[in-house]
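Chain by chain, the residues:
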Amino acid sequence: MSLPLGRFRRRQPVVAPSRLSGRDLVEESLAGVLQRPGRSLLTMLGTVLGVGAFVAVLGLTSTATGQIGKSFNLLQDTTVTVNDIGASQQADSGNGQYDFPTDTDSLLARLNGVVAGGVWWNVQLPDATISASPFSTSDAASSIGLFAASPGALAAMQPTLQSGVLFNSFHNSRGEHVCLLGAPAAQLLGITRIDNQPAVFVNGTAYTVLGIISNTQSLPQTLLGVIIPSATALKEYGPPSDNPAQALIHTRLGAAQLIARQAALDLRPDQPQLLQAIPPPDPTSLRDAVNTDLSGLFLLLAAICLVIGAVGIANTTLVAVMERTSEIGLRRALGARPRHITLQFLTESTALGLLGGLIGTSLGVTTVLATALDRHWTAILNPVTVLPAPLIGALIGLLAGLYPALRAARIEPLDALRR
Amino acid sequence: MTPTVLPATEAVPVVELRGVAKSYPGPPDVHALLPVDLTLAQGDYLAVAGPSGSGKSTLLNLLGLLDRPTSGTFLLSGVDVAALSEGERTALRGHRIGFVFQAFHLIAYRTALENVALGRLYTDADRKERHDAAKEALRRVGLGHRLHSLPTTLSGGERQRVAIARALVNCPDLVLCDEPTGNLDSATAASVMDLVEELHATGITLIVITHDPVIAARANRRVSILDGRLAEHRPLTVPETA
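Going line by line, the protein sequences match chains A and B. Using the numbering used here, the first residue of the first sequence is number 1, and each one after it goes up by one. Using the numbering used here, the first residue of the second sequence is number 1, and each one after it goes up by one.
Please keep in mind that the hints were generated in silico from the structure rather than gathered at the bench. Treat the hints loosely; a few may be bogus.
From the derived model, a few chain B residues whose C-beta atoms are all more than 10 Å from chain A [said to hold, decoys possible]:
no.	residue
1	Y24
2	G26
3	D44
4	E129
5	H131
6	R139
7	G142
8	H145
9	L154
10	E158
11	A190
12	D212
What the simulated footprint calls covered on chain B by chain A, stretch by stretch (three residues with Cβ under 8 Å from a Cβ of chain A suffice, anywhere in the stretch; the number is not a length) [stated by the list, open to error]:
no.	region
13	60-68
14	90-98
15	102-113
16	117-128
In this text, a Cβ means the ideal position worked out from N, Cα and C, and glycines have one as well.
Bound conformation, chain B alone (with noise of 0.2 Å):
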């Protein structure tokens, strides 16, 4: 075992809060998100539900690194990230973990090709390798005849896909999803999300996050959030995840 190299075993979940809480300093004290347990494994698609306000951002954040927990231990592939510097948690964020946003966050004036590429260049020195996994990614999203566009001229749903695969293309642990359909009629929504299930079903481990229950419907198991305080669900209908 290198020292660099995290065992892939199940063993370690992807994803381990322990009583991970955010509060914001008042006066009054804003308490974002009460002491949440949640424990992700390989493969694992979660669904996190919830109106807005609820807290669903600040959970988001606190697994996407962008932000620290006020308490409780977060553990990302078996790493704490607490105890990490703060280039340390950039570099984790590039390595591993794919964002997927509802407003796509395309840079405009660049093609499909190098707004996928782009998701490798602070994590991967080799231009061709960058351009080759790009590439590959964009296939995988179904978009391997639109590599040279430029997303203005892309339709919504195409820009969600660019995005997607941008979120692949470094080949992360987890991916996170904030409302991918937000922006996205329903058909729409329904192929951007057949692609997501596609994906999920060669072993990649998502957290959706939407406050449409349609959506939320689809992932095996599903957490709702409710003024900072989380929720799972026993889906019925999928004992497997239980």
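Isolated chain A, as found in the complex (with noise of 0.2 Å):
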């Protein structure tokens, strides 16, 4: 019955190749990770410093950044501006042109996101005289200006008034002969009060004084000057000239980008080249500016803290490897395989590296937000940056096992199992 079993045995396998599923092998190495939790933290440090610098230097830079954005100028971000092309063009032939339409204040209401906005431009009358009396020709006020604007820029100028109320649709409309006075221009023609109805004239003609502005957000220039509705602008003395008009437009925070595409187009669906809006600069090529500039040097050293850290990791690896030489040899024994202690290595050195990583994530997250709840900003924190950060840890610490765990499997159980 003794079979000569040696012959016909070759193609086949004696017994079940030796084995390790993954779960089992995260058990093995887990332990071997915690058996020494004090060491094992001290290994993470380089890694949690460096994928935590990392995290926090992105964080902050894109917090601090966003900061500026925000801050830079809040009045900027919501003023767009729409210039006369047309108007420009035409301008060294002489005779005015204008080309926006009459309903212009309530074209630009209309538009989603529009505060309020309108046509204003700079009266330019030769030899003009604006005085508060019908005969006095006082040089003081000569270097008052003369501003046509429609109900609609002026209240996207955001007017605060000294006293007394601004004109309306109603005035602009009829063509009514009433004006504003800026604080310092009534200041030159001596107009202290409006509840005795006092009267600016321009070149002999009365316009009654309805307000006085002490203070704009925009248009500060029109504070030296007298504001005239535009319909009576144009009545009297035509469409503008030297200087063509302007429409001021005042948007909702976020959406002037979206309402310096809209307003050539819905101003004048006829012929909207006439009109060329100006955005504020975008916020996001500003940030982009910025960023490049603060966190090259920091992620230098975060990635200098990495190399550390993995250098840390590889160190003690290669010294448990050493350690637990006669754990190798005891598990060869049993029957693993050189890939499986191969595979327990790196397995605890990329454990140690995610550990590092996880950690250092949160640590970075935690300096952005403290540092954004002191200064009271923002946090912004990318999670195309934050969320793969453990995995550099990961990365790190697979790298760092490589040498150890190739050379842990190189050892013979023989001599291991001397010790």
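Since each chain comes alone in its own frame, lean on the hints to assemble the complex.
Structure (structure tokens):
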């Protein structure tokens, strides 16, 4: 009965090959990592610092530049101007051109995102005399300008009234002879109160002063001037000549770019090329410019930390391999193949890196949040940089573990067990 | 008969060495083990005695598939191991051979149960089965009450019992004990050997390597080794092994 099995056994496996499932591998490796928690923590330190610095630098940079973009100029971010380029091209011919429709105010107001908008221009009158009495020709008043503005433009200027009221669409549509005075202009003209219904005379034509404006957010040059309704200006003095009209639009926060794209077509669907809308600088491009300058150096530091972390993990894993030589020999005697040993130590170093990466990411995010809270900023964390950050740690661990793990696999069970 | 399972007939010896020798290339060549013929049947209990440097360890390494002989044929349960690849030898070692070392080689940070289950880790995919087998093996060596103790909290005798349980957990064909009592005091050594013999009584094939003649005398077959030369003693008191 004793068959010479040795003869035909060759192509048949004698026993099932050694195995190690992923779950068992992870379990064995975690037991290895956790056997010396203190040392594992110290080993992770480099990775913790590296990944933490990486996340914190990127997070702080995006938060800070976000803040710069936000506070850069809230006003500028919400202001769109529309230039009458049709009129600019015609300026040489001398006869004024005016390409804004008469219902510009309501056309702009219907756009979603517009708070207020309208047309204004500087009325140029040769030898204009502006005074508080019909016959006075005071030198002081010669510096006072004359501006035409629609009620919408007036609202878009965001004026602060010192006294009186603003003119409205009623005054504008009827071409009433009313005006507003900037506070400095009022002082020059000697007008201090409006309850006695003073008038300003422009080349002898009387304009009833409705109100005095102490300050405006846009177009501060109007403070040293007399503002009359645009329809009145058109009726009295014709279209603007040297300085073409401009539309001023005050938008809601974030809507400026959109309104700039829509304005020309909305106002002149027949000839949009006559108008050109100027949006405020795009905050995103501004932010990117700041980003590149600031973070380069810090990212370099983070990279150095990661290299130090990798060296730390490699070193500790190598020491662990030396220390656990007899364990490796034992595992080999119990049926582990060299690749099982390699995988175990690789998994251990990768787990160390991953844990370090997770702790580092948490610390980095905490730093960004704490800074943002302290400065009352909005923390901005890009998921594209934060979410893969722990994986950077894992990758570092994997690379650092390669040499020790391959070395562990070369340990002969024979030598290892003799210890 | 399935191709992967060998017939467990008594006719197939567990160990069959035919002219197995090991030498290390010189100059001068070192003949660690001169050609040996040795056959162990199922249930044999062999003691290998000899001073250190005599070639005991070389024989153990060859028997444990930790080393390859320079010449000769080694059949383990009828399988010629010389023809196997390193991976197959590793698998065969894991499945068929249990080791008990002088230094115990327990993993200090794992519990007794985990240490014993490790003996099956690379051969058995079923976790529950591994743990059940480990519990059973620990009960068999009388440590059913210390399943979750760490080796550092165990006495020397208990540690060696855990190591023996680990050697048994895979139901091996052959258990190799390398100086199993070398690190133990004589009273503990005696109790460990009592356990070894109890296990032998259940049909396990045992090889105990020792330099202690008292331990060697307890086996039912004895060989001594000196300068790489193996000689079998015919025990006068136990004639049935002849």
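Let me make sure I understand: some of the numbered hints might not hold for this structure. Which ones are they, in numerical order?
none
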